[in-house]
Amino acid sequence: MHEIVAVATKDLRIEWRSKVVASQVLPFAVIVLVLFGLALDADRGTLRTFTPGLFWVTVLFVAILAIQRSVAVETASSAFEALRLSGAAGWKVFLGKAMAVAAQLAAIEVVMLLGVIILYRTSVADPMLVVISAVAATIAISTAGSLYGVLAVGMGVRDTILPMLLLPILAPVLVAATRAFDDALNTAAVNGWTWTVMLACFAVLYAIIGSVAYAVVLEDT
Amino acid sequence: MEQETQRPAVAVHQAVVLLDRFPALAELDLELPAGSVTLIQGPNGAGKTTLLRLLAGLARLESGSASVLGYDVVTQRRQVRASVGLLAPNAMLYEDLTITENLTFWSTLAGTGDAAIEAALDRVGLAGLAAQHVSTLSTGQRRRATLAAVAVRRPRLWLLDEPHAGLDQAGRNIVDAFVSDAVDAGATVVVASHELDRVRPLATHVVTVAGGAVRRCERVAAAPSRGEDQPRA
Chain A
14 MHEIVAVATK DLRIEWRSKV VASQVLPFAV IVLVLFGLAL DADRGTLRTF TPGLFWVTVL
74 FVAILAIQRS VAVETASSAF EALRLSGAAG WKVFLGKAMA VAAQLAAIEV VMLLGVIILY
134 RTSVADPMLV VISAVAATIA ISTAGSLYGV LAVGMGVRDT ILPMLLLPIL APVLVAATRA
194 FDDALNTAAV NGWTWTVMLA CFAVLYAIIG SVAYAVVLED T
Chain B
840 MEQETQRPAV AVHQAVVLLD RFPALAELDL ELPAGSVTLI QGPNGAGKTT LLRLLAGLAR
900 LESGSASVLG YDVVTQRRQV RASVGLLAPN AMLYEDLTIT ENLTFWSTLA GTGDAAIEAA
960 LDRVGLAGLA AQHVSTLSTG QRRRATLAAV AVRRPRLWLL DEPHAGLDQA GRNIVDAFVS
1020 DAVDAGATVV VASHELDRVR PLATHVVTVA GGAVRRCERV AAAPSRGEDQ PRA
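Sequence lines, in order, name chains A and B. Residue 165 in my numbering sits at position 152 of the first sequence, with consecutive numbering throughout. Residue 985 in my numbering sits at position 146 of the second sequence, with consecutive numbering throughout.
Hints in this document: simulated from the structure, not taken from any laboratory. Among the hints, erroneous ones may be present.
What the hints assert, rightly or not - Short, incomplete list of chain A residues facing chain B, as computed with Cβ under 10 Å:
| no. | residue |
| --- | --- |
| 1 | Thr22 |
| 2 | Arg57 |
| 3 | Glu232 |
Here a beta-carbon is modelled for each residue, glycine too, at the ideal position from N, C-alpha and C.
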């Protein structure tokens, strides 16, 4: 367990020092929300109706940046090679890195939620559903993202291919998270808890697949 | 333990390693006893770095066999990697972390504890810069910090790729002391270097590599360890 915490702490400490997420990724998220608002401002009802989808599409864009940053931390100075030499179990490194990405995404989502409440005049009908569905979706995104990030490194391809690899895999998460938020923000008559259970299943599935696959990439290449 | 000292620390037979279809190692054979210090010499492109990477479990073996400390580099790669310490030209340090934070991270993954960190910092002469970010260090200081990062893992096989490069005289002496200390502690050391005059006095074996194969392997006078240099009571 202390290896997982060590990897997560290391990544978060690097982010805290470099301020890449705070100074670049977070402003990007806010700008995207503002642009969506400007594009749909003619019809505020439409904007409110589409808030869940706009929110999670923005989270996916932000997640790609955060994951690319997470990968870049390891590829710079050949640290990824040092990780391979560390003898640490691949699944522990994977969970540590996914935890760090999830923590950063969660912080950004809090700011974004405040943003849609202020900019889009959205109201939260079910705060508990918002929190739980967001946690499940964030875990699913960060685990799938951390896996595909290291796969891109292992394949020796440029990190610009990451969106093409990652976005199709995260499409089901986008749909489920949007539906859950539809219920939580009262923008559509759906059962958000059913979609949240589906999100939790995605999170568990991606975490298991990621742990196994990351171990293969880290230890067998 | 006795069995381990009798078994060669490194045993490579007919090893072929390809780099983009180019045979960086071409049916290379090599056996090194435990506790030895081996100088790997040869021209640029001879395969010295690839050989070290093979022994570290980082290079893919196309054919032949290789074992390190009794572990097969193909089927027991994780054990191999956990047992070796590779000092490579790249820093392998996180720029935004301090030296201490880097060493703590690597020692945590290796499970060696905090005691090794202070000792390593003292030995490389960076105790006074321990709280400094790696991004602010000079090339030589980074090299020393990387050496400390390797040391905190307490490897049983040290693989040093051009360890004296970028170091001043004091730094070079520190590298030499690390080699002697490692041997005293029962480890095996393999050094790939162009600085033959510097490494030869430390070496017990000299291996000449060219074209991805061993051209010559000779045993030279056993290098005195620091422990043996010290007067006996």
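Answer holds if the nearest beta-carbon of chain B is closer than 10 Å to that of Glu232 (chain A); otherwise answer violated.
-> holds (5 Å)
With chain B as the partner, please determine if Arg57 (chain A) meets the hint condition of a C-beta pair closer than 10 Å.
-> Result: violated, 43 Å to nearest chain B Cβ.
Can we keep the Thr22 (chain A) interface hint, with Cβ of chain B closer than 10 Å?
-> holds (8 Å)
Going down the numbered hints, you'll see the structure goes against just number 2.
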